[in-house]
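Chain by chain, the residues:
There are 2 protein chains.
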Amino acid sequence: MKWCRFQAGSKVSYGVVEGGRVAEVDGSPFEAHKKTGKSHALDSVKLLIPCFSPTVYAGGAPNYVKHLEWANSYFGASFKHPKEAHTGYRASNAFIAHNENIVIPRGAKEVHYEGELVAVIGKKAKRVTPEQALDYVLGYTIGNDVSERTWQFADPTWWRAKNSDTFKPIGPWIETDVDVDNAMTIVRLNGKVVSEFRTGDFIFGVAEYISAISQYITLVPGDTLWMGTDLATLPAIKPGDKVDIDITGIGTLSNPVIADK
Amino acid sequence: MKWCRFQAGSKVSYGVVEGGRVAEVDGSPFEAHKKTGKSHALDSVKLLIPCFSPTVYAGGAPNYVKHLEWANSYFGASFKHPKEAHTGYRASNAFIAHNENIVIPRGAKEVHYEGELVAVIGKKAKRVTPEQALDYVLGYTIGNDVSERTWQFADPTWWRAKNSDTFKPIGPWIETDVDVDNAMTIVRLNGKVVSEFRTGDFIFGVAEYISAISQYITLVPGDTLWMGTDLATLPAIKPGDKVDIDITGIGTLSNPVIADK
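Protein chains in written order, with our numbering: chain C, 1 to 261; chain D, 1 to 261.
These are calculated hints, taken from the structure and not from any lab test. Be a bit skeptical, because a hint or two may be false.
It does not matter which identical chain is used: a pair holds within one copy or between any two.
Calculated pairs, EDC-like style, for lysine to aspartate or glutamate (alpha carbon to alpha carbon, straight line, at most 16 Å) [unchecked claim]:
1. 83 to 26
2. 80 to 155
3. 83 to 155
4. 83 to 131
5. 83 to 208
6. 126 to 165
7. 34 to 24
Based on the sequences and whatever the hints tell you, model everything.
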């Protein structure tokens, strides 16, 4: 089942994507809801970010072995193979929806895409086991953890490197039924495949992160957990580019890249 | 003017604290609002966290010279005098209100208070100068940046060290008129003064942080900027303690400390 948030005319609603149409819903997937009986052609509505994230958690840093090895080699960095499922943060100010523009900020030198699986929390979770953890996931969407690499090595907690406005494309919707272990993440830059990896090749999986975080922190509906990317994230993106990220079983998140005005 | 959020019976409202009473308001300080004409005795209502923070920014780390020097000496840390107003993050899951309990989590070894000034953003701010920045501040409140020190040196981005549930007391209200330069921050543990410093002795001030962040990131109403603490943060807090933080011109944030159940 695909949950989207969308705007039709001036009205914003949640909806369920079925074939080429969106069935409008009163309420949201995080609370009581029912279909209104209205539906819209999918290509006639504007898709919005699929949820508001009170807190935006990010696995890693790096949460895939080949990305870690590539980053250490390419940047001369010293990321270590993580021994525990420690989390970082991203900031929801940077969220943009499917088809919205990634804006390269003034002063940016090297901006990279990062195609990622994003788990969306559906229910309050505190002190859950890895075995219970997936019961608290509403579903999965796609994220692009856009990163300015020179700032990444200058900024504590990567605030500007990873959270400049528009740096967190997320969408197009939340798919509740995903076979993460057998999914593939495929990044296309201007239509050409630049990265392709098994989505489930994480160092720590979704259940391990949720369980680890929830030992200390109450996860709440809408919180997102960004699962990291694999491999290299080259070439750098620039104004005029278009980035598409497919995760099989979910869909495609597409975002054009433009210069700051 | 003191803006509070409060609950009276089952109703949650914003209000304005005037003397010993709270004048109830329809709306909020971040949007259209007007007094309803009702008021309540301040000691008859439950004060709530004064705002929801879409993103929680934290200055530093360390943003006061003597705290930096103490931390390097006490922990054998190697914090450097910051050259730029870089920001970190805290997470709103950890917010609790005035008089709510700080819960020492399981496994915690050394939990410290940190008495801080917190600036509350009132209007969208993007690319503002330091001279303009304070126009975007609604007012100031008090924060306790509770920190588990052994986790602080083990966790990337201090997720559990600083954001375990209940680790971010904030309140009691937002004061719109504060003379930050002449304010004092005073921390009392079980009634005894354990820390006392000039609030305005920051390395970087509120205007510098807001301007720096806003070059890349749109600050939005309700965002909070935690300004760091000065001096040592000893002794460690333990169940049965009570922490009071005064900032002159704002008020007192009080929180009992209890053990996890």
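Against the structure, the hints come out as follows:
no., hint, in the structure
1, 83 to 26, "neither (44 Å within a copy, 50 Å between copies)"
2, 80 to 155, "between (18 Å within a copy, 13 Å between copies)"
3, 83 to 155, "between (23 Å within a copy, 11 Å between copies)"
4, 83 to 131, "neither (20 Å within a copy, 46 Å between copies)"
5, 83 to 208, "within (12 Å within a copy, 37 Å between copies)"
6, 126 to 165, "between (31 Å within a copy, 10 Å between copies)"
7, 34 to 24, "within (9 Å within a copy, 35 Å between copies)"
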